[in-house]
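Student: Residue numbers (the numbering used here), protein chains in the order written: chain A, 3 to 463; chain B, 3 to 463.
Think of the hints as simulated: they come from the structure by calculation, not from any bench.
Any given hint could turn out to be false.
Which copy is meant is left open, because identical chains are indistinguishable; a pair holds if it fits in one copy or across any two.
[What the hints assert, rightly or not] In silico EDC-like cross-links for lysine to aspartate or glutamate, where the CA-CA straight-line distance does not exceed 20 Å:
(1) Lys259 <-> Asp16
(2) Lys83 <-> Asp16
(3) Lys433 <-> Glu173
(4) Lys83 <-> Glu447
(5) Lys259 <-> Glu17
(6) Lys259 <-> Glu292
(7) Lys22 <-> Glu8
(8) Lys433 <-> Glu462
(9) Lys408 <-> Asp265
(10) Lys12 <-> Glu77
(11) Lys132 <-> Glu229
(12) Lys12 <-> Glu76
(13) Lys83 <-> Glu8
(14) Lys288 <-> Asp50
(15) Lys7 <-> Glu413
(16) Lys188 <-> Glu438
(17) Lys414 <-> Asp402
(18) Lys62 <-> Glu206
(19) Lys188 <-> Glu432
(20) Lys137 <-> Asp162
(21) Lys70 <-> Glu51
(22) Lys32 <-> Asp294
2 protein chains.
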Amino acid sequence: MSQTKEIPYKIYLDESELPKQWYNLRADMKKKPAPLLNPGTGKPMTLDELSVVFCRELAKQELDNDTKFIDIPEEIYQFYKMYRPAPLVRAYFLERALGTPAKIYYKFEGNNTSGSHKLNSAIAQAYYAKKQGLKGVTTETGAGQWGTALSMACAFLDMDCQVYMVKVSYEQKPFRREVMRTYGAKVTPSPSNTTNVGRKILEEFPGTGGSLGCAISEAVEAAVSQEGYRYVLGSVLNQVLLHQSVIGLEAKAALDKYGVKPDIIIGCAGGGSNLGGLIAPFMGEKLRGEADYRIIAVEPASCPSFTRGTYAYDFCDTGAVCPLAKMYTLGSTFMPSPNHAGGLRYHGMSSTLSELYDQGMMEARSVEQTSVFAAAEQFARVEGILPAPESSHAIRVAIDEALKCKETGEEKTILFGLTGTGYFDMVAYEKYNNGEMSDYIPTDEDIAKSLAKLPKVPGEN
Amino acid sequence: MSQTKEIPYKIYLDESELPKQWYNLRADMKKKPAPLLNPGTGKPMTLDELSVVFCRELAKQELDNDTKFIDIPEEIYQFYKMYRPAPLVRAYFLERALGTPAKIYYKFEGNNTSGSHKLNSAIAQAYYAKKQGLKGVTTETGAGQWGTALSMACAFLDMDCQVYMVKVSYEQKPFRREVMRTYGAKVTPSPSNTTNVGRKILEEFPGTGGSLGCAISEAVEAAVSQEGYRYVLGSVLNQVLLHQSVIGLEAKAALDKYGVKPDIIIGCAGGGSNLGGLIAPFMGEKLRGEADYRIIAVEPASCPSFTRGTYAYDFCDTGAVCPLAKMYTLGSTFMPSPNHAGGLRYHGMSSTLSELYDQGMMEARSVEQTSVFAAAEQFARVEGILPAPESSHAIRVAIDEALKCKETGEEKTILFGLTGTGYFDMVAYEKYNNGEMSDYIPTDEDIAKSLAKLPKVPGEN
Numbered sequence: 003m004s005q006t007k008e009i010p011y012k013i014y015l016d017e018s019e020l021p022k023q024w025y026n027l028r029a030d031m032k033k034k035p036a037p038l039l040n041p042g043t044g045k046p047m048t049l050d051e052l053s054v055v056f057c058r059e060l061a062k063q064e065l066d067n068d069t070k071f072i073d074i075p076e077e078i079y080q081f082y083k084m085y086r087p088a089p090l091v092r093a094y095f096l097e098r099a100l101g102t103p104a105k106i107y108y109k110f111e112g113n114n115t116s117g118s119h120k121l122n123s124a125i126a127q128a129y130y131a132k133k134q135g136l137k138g139v140t141t142e143t144g145a146g147q148w149g150t151a152l153s154m155a156c157a158f159l160d161m162d163c164q165v166y167m168v169k170v171s172y173e174q175k176p177f178r179r180e181v182m183r184t185y186g187a188k189v190t191p192s193p194s195n196t197t198n199v200g201r202k203i204l205e206e207f208p209g210t211g212g213s214l215g216c217a218i219s220e221a222v223e224a225a226v227s228q229e230g231y232r233y234v235l236g237s238v239l240n241q242v243l244l245h246q247s248v249i250g251l252e253a254k255a256a257l258d259k260y261g262v263k264p265d266i267i268i269g270c271a272g273g274g275s276n277l278g279g280l281i282a283p284f285m286g287e288k289l290r291g292e293a294d295y296r297i298i299a300v301e302p303a304s305c306p307s308f309t310r311g312t313y314a315y316d317f318c319d320t321g322a323v324c325p326l327a328k329m330y331t332l333g334s335t336f337m338p339s340p341n342h343a344g345g346l347r348y349h350g351m352s353s354t355l356s357e358l359y360d361q362g363m364m365e366a367r368s369v370e371q372t373s374v375f376a377a378a379e380q381f382a383r384v385e386g387i388l389p390a391p392e393s394s395h396a397i398r399v400a401i402d403e404a405l406k407c408k409e410t411g412e413e414k415t416i417l418f419g420l421t422g423t424g425y426f427d428m429v430a431y432e433k434y435n436n437g438e439m440s441d442y443i444p445t446d447e448d449i450a451k452s453l454a455k456l457p458k459v460p461g462e463n
Numbered sequence: 003m004s005q006t007k008e009i010p011y012k013i014y015l016d017e018s019e020l021p022k023q024w025y026n027l028r029a030d031m032k033k034k035p036a037p038l039l040n041p042g043t044g045k046p047m048t049l050d051e052l053s054v055v056f057c058r059e060l061a062k063q064e065l066d067n068d069t070k071f072i073d074i075p076e077e078i079y080q081f082y083k084m085y086r087p088a089p090l091v092r093a094y095f096l097e098r099a100l101g102t103p104a105k106i107y108y109k110f111e112g113n114n115t116s117g118s119h120k121l122n123s124a125i126a127q128a129y130y131a132k133k134q135g136l137k138g139v140t141t142e143t144g145a146g147q148w149g150t151a152l153s154m155a156c157a158f159l160d161m162d163c164q165v166y167m168v169k170v171s172y173e174q175k176p177f178r179r180e181v182m183r184t185y186g187a188k189v190t191p192s193p194s195n196t197t198n199v200g201r202k203i204l205e206e207f208p209g210t211g212g213s214l215g216c217a218i219s220e221a222v223e224a225a226v227s228q229e230g231y232r233y234v235l236g237s238v239l240n241q242v243l244l245h246q247s248v249i250g251l252e253a254k255a256a257l258d259k260y261g262v263k264p265d266i267i268i269g270c271a272g273g274g275s276n277l278g279g280l281i282a283p284f285m286g287e288k289l290r291g292e293a294d295y296r297i298i299a300v301e302p303a304s305c306p307s308f309t310r311g312t313y314a315y316d317f318c319d320t321g322a323v324c325p326l327a328k329m330y331t332l333g334s335t336f337m338p339s340p341n342h343a344g345g346l347r348y349h350g351m352s353s354t355l356s357e358l359y360d361q362g363m364m365e366a367r368s369v370e371q372t373s374v375f376a377a378a379e380q381f382a383r384v385e386g387i388l389p390a391p392e393s394s395h396a397i398r399v400a401i402d403e404a405l406k407c408k409e410t411g412e413e414k415t416i417l418f419g420l421t422g423t424g425y426f427d428m429v430a431y432e433k434y435n436n437g438e439m440s441d442y443i444p445t446d447e448d449i450a451k452s453l454a455k456l457p458k459v460p461g462e463n
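Just need the whole structure built from these sequences, with the hints factored in.
Tutor: So this is what it looks like as structure tokens:
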């Protein structure tokens, strides 16, 4: 790409350039993502049905496939100013270390205490819950980024926050728990005996370290069984991708300022919220035929929903209390190996991204965790940021693509999402530092076993 | 102060506005800080003597009381761009929460993986060591911020880094250790049996959790007993304050842009590097009679060198292997209570700051740790940054001063240094969250006991 102005190491937008609207990618999709279904009737979830679990404004956003831009409420906008606009960084040092002609940029979302992009949606969800007059919200958290983000948002708005934390994370990350407690949240290891579904899972799988799917089930049950509470979710949902579009809007505005157009856009994908947010405006251009981009979703080889899953209706949670979502899934009973330390352990994938992937609008790649941590270490040493294991999946593929450019001599422009920092992931880094990290890839039988339990959609054959 | 332009939440200088020179505050002091003395002869340390321990360029900077501005070498300048300019934040949310008419600003130095301002001097010291052709450096670290910063700098320059980490921190902060290891450093808990001085201290105080003073002694011994190594120190020294002047220069440039002049400048003080850096250009104006500022050093009540120490020559380290420095000191054998969780546990204070304090150019205040963590919690909840315990000392006094303004109605402008984040300090936060934090203040006898062991300067009565 031809560039006229010299590109600084970090591009900060002015505060006045912070996007005032979220961009709803679904509005530009000709074939919309498949709707959430009521597992009892097999019919699309209605606004009223969704409003039992989610607060009403969020349920509306979940169902809205048409409104292209949605105003960011003033209170959320003010909160965003605490940590946004987030920097777009030109990875000069990484380029030099790799000796690549590629130009590498990353959008860094880790400059806030939650340590990731999750705060973008947490404040939105807490705000709408508060506006509806609710007392508090319940949620699940895996690595703890989402729980921390929600705790921060709730503390700011003076709302109650109840977090079900995947037990293995709760034990491996006591400090994450303490950050949430500092922000006033109540944190319970999941599965717990505080819910029916938790007790049932504990009976069936005694000693389990839990999973995101279990924790979601518990948090949903806690929400519907308490007056004045709703459940909120940090990824997967359409509404979350909507809020996260602020990442891509800022990234695109920063690149546009310098006349830079990426050739390849790379993001890690667990439930899909960061990737969906980062690519939103670029994918919009692609859908409208205005531009072309290679877009790559990166997932762990130990939890490969895009690359080895099936595109089908499945439960969002292990306990099967949520609506059915059509997505690339490994089956809601799939549990990644306990060896897996790198986050992104959700069994499914955002319906929006799943549909786009199915349409061939993006690629997916799975990477093994030892190579992910090697990329993390290399990045940390030259770019000065110790990345989250999740983000490091994107780093791995960004480095791989840059090294391909070194071979071919192509001066491609690569943009990737650096979703967060790894300061609470040092148990995983310690494993890597000690050479004790292993790669585990599920067998075809492992995956077939959980896919065999996919739900039957009522009314379908 | 009258302000014309609307002040954004965060003021980012442009990359081109990053200071190109450090400012040497000593050049503007009529009465210079007292020189380091050779403990054997009682005479000022010469460049040659200092060059045995420090690399030569740093030894020069240590002794240079006259050069007002020193060029930042190009390589350091490029490294600074990784995480600088650092933001100056207007604490709108904190002001609102306090209901104060005061205007509060903080210079935030935590947006880098070392989690603090320490990186500003670490890269400078590692750079000069590299330039001198050395293989590596040794150092001590307490809370781990300095050790992490030095590890990052050494990884970037491909130098060996050996860190002696105060044992109690090593045990309470295993994750800090892993960050340093990820950056390739060798980390040893101090006191250790790898040095003569370590073995001696272990004999005298078996089971001790260590102290900064002990760790310094070990690191110095390790440096002088290995070919191609020098010792580097993260605070206290003149050279370190010089490098840290980048904090104050940026803060002042950002304030000047909006025509803002602070009435009160507040910084936490352990060895004095952050405070010395933050106040440098402001103190310069004050020394030259161009402006007046109230400057407040905040220290823990459990380690009160300014407020309860003596201005005298003392050893910089417990093992008495370093030169003598004239400073406000509690005595080099002083050990803060093991209850003390809030950092800033050095027995002495920068000679430059000590001299300025003695001249009445600044005030000092000591605060108890429970109130420090209460301030930290309040700040985290409204400003979205979980602060380092060290930084929270400054937050405490900034809040106190803002609340005074609320009583008097004065619209004072307060600037404080937010030196870093508390992500690796969650053991301390957990204590606070559980209501298990206690305040311990040393008795007059405690202090008298360690002050009784102040060294006699040869040739003095």
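Student: With reference to the structure, classify each hint as holding or not holding.
Tutor: Evaluation of the provided hints:
1. Proximity of Lys259 to Asp16 under the C-alpha cut-off of 20 Å is found in both arrangements, the shortest distances being 11 Å within a copy and 15 Å between copies.
2. In this assembly of identical chains, Lys83 and Asp16 lie within 20 Å of each other by CA distance both inside one copy and across copies; the values are 10 Å within and 18 Å between.
3. Taking the closest pair of Cα atoms, Lys433 and Glu173 come within 20 Å of each other both inside a single copy (16 Å) and across two copies (17 Å).
4. With identical chains, the CA atoms of Lys83 and Glu447 are never at most 20 Å apart, being 48 Å at best within one copy and 50 Å at best between copies.
5. For the homomeric pair Lys259 and Glu17, the shortest alpha-carbon distances inside one copy (15 Å) and between copies (16 Å) are both at most 20 Å.
6. Within a single copy, Lys259 and Glu292 get their C-alpha atoms as close as 18 Å, which meets the 20 Å cut-off; across copies the closest is 40 Å, which misses it.
7. In this assembly of identical chains, the alpha carbons of Lys22 and Glu8 lie at most 20 Å apart only when taken from different copies (19 Å versus 28 Å within one copy).
8. Taking CA atoms no more than 20 Å apart as the test, Lys433 paired with Glu462 passes in neither setting, with 47 Å inside one copy and 56 Å between copies.
9. When the C-alpha separation of Lys408 and Asp265 is checked against a cutoff of 20 Å, the pair qualifies only within one copy, where the shortest distance is 15 Å, while the shortest distance between copies is 55 Å.
10. Within a single copy, Lys12 and Glu77 get their C-alpha atoms only as close as 27 Å, which misses the 20 Å cut-off; across copies the closest is 17 Å, which meets it.
11. Taking the shortest alpha-carbon separations for Lys132 and Glu229, only the intra-copy value of 14 Å comes in at or below 20 Å, while the best inter-copy value is 64 Å.
12. When the C-alpha separation of Lys12 and Glu76 is checked against a cutoff of 20 Å, the pair qualifies only between copies, where the shortest distance is 18 Å, while the shortest distance within a copy is 27 Å.
13. With identical chains, the CA atoms of Lys83 and Glu8 are at most 20 Å apart between copies only, with a shortest distance of 14 Å across copies and 27 Å within one.
14. Proximity of Lys288 and Asp50 under a CA criterion of 20 Å is satisfied in neither setting, with 34 Å inside one chain copy and 66 Å between copies.
15. In this homomeric assembly, Lys7 and Glu413 come within 20 Å of each other (Cα to Cα) only inside a single copy, at 17 Å, whereas the closest approach across copies is 42 Å.
16. Proximity of Lys188 and Glu438 under a CA criterion of 20 Å is satisfied inter-copy only: 18 Å between copies versus 33 Å inside one chain copy.
17. For the identical chains of this complex, Lys414 and Asp402 are intra-copy neighbours only, at 12 Å inside a copy versus 54 Å across copies, given an alpha-carbon limit of 20 Å.
18. Within a single copy, Lys62 and Glu206 get their C-alpha atoms no closer than 36 Å, and across copies no closer than 70 Å, so neither meets the 20 Å cut-off.
19. Taking identical chains as interchangeable, the C-alpha atoms of Lys188 and Glu432 lie at most 20 Å apart only when they sit on different chains, with a minimum of 14 Å there against 28 Å within one chain.
20. Within a single copy, Lys137 and Asp162 get their C-alpha atoms as close as 6 Å, which meets the 20 Å cut-off; across copies the closest is 54 Å, which misses it.
21. In this homomeric assembly, Lys70 and Glu51 never come within 20 Å of each other (Cα to Cα): the closest approach is 24 Å inside a single copy and 70 Å across copies.
22. When the C-alpha separation of Lys32 and Asp294 is checked against a cutoff of 20 Å, the pair qualifies only within one copy, where the shortest distance is 17 Å, while the shortest distance between copies is 65 Å.
Comparing the model with each numbered hint stated earlier shows that hints 4, 8, 14, 18 and 21 do not hold.
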